[in-house]
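If you read the sequences in order, they're chains A and B. Residue numbering for the first sequence follows our numbering, beginning at 1041 and increasing consecutively. Residue numbering for the second sequence follows our numbering, beginning at 48 and increasing consecutively.
To be clear, the hints were calculated from the coordinates, so they are not data collected in a lab. The model shown is predicted, which means the values in this text are computed figures rather than measured ones. Careful, some of the hints might be misleading.
[Said to hold, decoys possible] Lysine-lysine pairs mimicking DSS-like chemistry, simulated, CA-CA at most 25 Å apart:
1) B:K276 <-> A:K1110
2) A:K1148 <-> A:K1115
3) B:K276 <-> B:K123
4) A:K1175 <-> B:K123
5) A:K1175 <-> A:K1159
6) A:K1115 <-> A:K1159
Here's the letter readout for the chains.
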Amino acid sequence: MIEVQEMTKRYGPFTAVNRISFSVERGEVVGFIGPNGAGKTSTMRVLTGFLPATEGRVQVAGHDVFDSPKEVKAKVGYLPETPPLYTELTVGHYLRFVSEIRGVTRSKRLSRIGEVMEKVGLSGWEDRILGSLSKGYRQRVGIAQALVHDPEVLILDEPTSGLDPVQTQGVRRLIHDLSGDRTIVLSTHILSEVEALCSRVIMIDRGVLVADGSLPEVRQAAGGDHYRLRLESRQGPLEDLGMVAAAVGGLPGVDQVAPRADGSLSVQASAGHPGDALLSLVADRGWRIVELRTHRPSLEEAFLALVGREQ
Amino acid sequence: MSGAAAIFWKELRVYFVSPLAYAFLVVFLFLSGLFFYMGIAVTGEASLRVMMGNMAVSLMFLLPMLTMRHFAEEQKRGTFELLMTSPISLPGLIFGKWLASLALCTIMLAGTFLYPAILAYYGEPDWGIIWTTYLGLWLCCGAFCAAGLFSSSLTDDAVAGGMAGVLLLLPFWLLGSVESFGGEALSAFFERLALLPHLRSFSQGVVDTADLAYFAGFIAIFLFLTYRKLESRRWR
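Full structure from sequences and hints, please.
This is the structure we're talking about:
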């Protein structure tokens, strides 16, 4: 549905996006994540045909964005970071205008607007002036605006930024309901949002793609699951943690062992749980296991590991 | 030109749901009433000659204030992004906005029909001249709206856009009076470029193709410049 090849976007001497490539299949919900200024908005603006790419090819819904922008724009719904509202118009007049410029035929216009307003929870709000709406409702109008022409592809730039928790929940539920056979790309820097909504993650940092895959894949790329292990001798805590680490590191299936400041060990074992070998080691040495648990890196940790930036 | 109609109706609606159009109509009608009275009092003629010259000059200052928000505001509110990610064409967008501004001017000019009606009640004005006068003013409005749209496309700040519009139009007013310096050929050239001389023949009841071409060219050039300006924005 979306095909980006070696896309670069420069603003004068500044490179916002540097040769990124990815593709998105029909019906996928993709989270586009990265720190502020990573190039998320620039990429989305290229995808929607608002800005031309400096280099590379971008295809959306079967058309090249540069060669046939009209065809692409007719099939894409876009919510920019701040909903693009004419604050002096009413909800109804605004949606009518958007449906006109997005090419919804006259006969379908009213029913389409009614449908969309119901979907985003704006029924009965036709006559409200946009300028008087709260942030959450403005965001709903923004989403309604992106949906009014029933697009195949939905591109949402930070759809929940600046909303309170209740509103955020509402918008997330809405996005979840919209997925299906619609392709959705949403950008965010709130990683729990990606975990809640997306089947796939594309991570960019400073204009460069750093990860692309399903959530487990991205976690794996960032080191995958670890085990936290704490051992003691029968007399009490072990003094020489380095020696213990070396002993555990020598077990079959263990890739890496690192002592941690709290006296526990962080064990990385890509082949799986090193349980049996560990038990016999512990029995041999006369130690005992005080703690052994799986630590699955959160998306935040994966993100920081991949972006490689100290926080 | 796709999307021009939708843009036209949207702009007209925005004009009339905000105080801008009303404030504008009030100021304009007040000024034209003043000029009408002065014209009658000074010349004693049943004509709109004086009123028209003054109205053209005041429109030069007023119309950029009307058009200043067009692109500046779209840019500032992020709605430009909405327009440019819709399958409408840039010429359609510009033409729709221009037409909406001209429509508001038409309503405004229609409001001044009161004055020829007064003339007709008390005297015997030449209706041919009155109609050509209105045609001239209407073309003038079209030209000023085009220049105003262009100046609005230059900046994200509406007020700066309005001021730029006034500055842009001033030379076309003043050019008529630079005959004192420069040679014969130069002053003839300036005379051609200046706006008011082209308007003058309309107030004398003459519709000259050269004058019509002047206004058509003026409008076309500024709408084209607006197009180029907005198009170039995407590439920076």
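Structure-based check of each hint:
Simply put, K276 of chain B and K1110 of chain A have alpha-carbon atoms about 20 Å apart, close enough for the 25 Å limit, and the pair holds. Straight-line distance between C-alpha atoms of K1148 of chain A and K1115 of chain A comes to about 16 Å, which keeps the hinted pair within the 25 Å bound. A threshold of 25 Å between alpha carbons decides the hint, and for K276 of chain B with K123 of chain B the separation of about 16 Å falls inside it, so the pair holds. Between K1175 of chain A and K123 of chain B the CA atoms are separated by roughly 18 Å; this keeps the pair inside 25 Å, and the hint holds.
A threshold of 25 Å between alpha carbons decides the hint, and for K1175 of chain A with K1159 of chain A the separation of about 18 Å falls inside it, so the pair holds. Restraint check for K1115 of chain A and K1159 of chain A: satisfied, since their Cα atoms lie roughly 19 Å apart, inside the 25 Å limit.
Of the hints listed earlier, there is not a single one the structure fails to meet.
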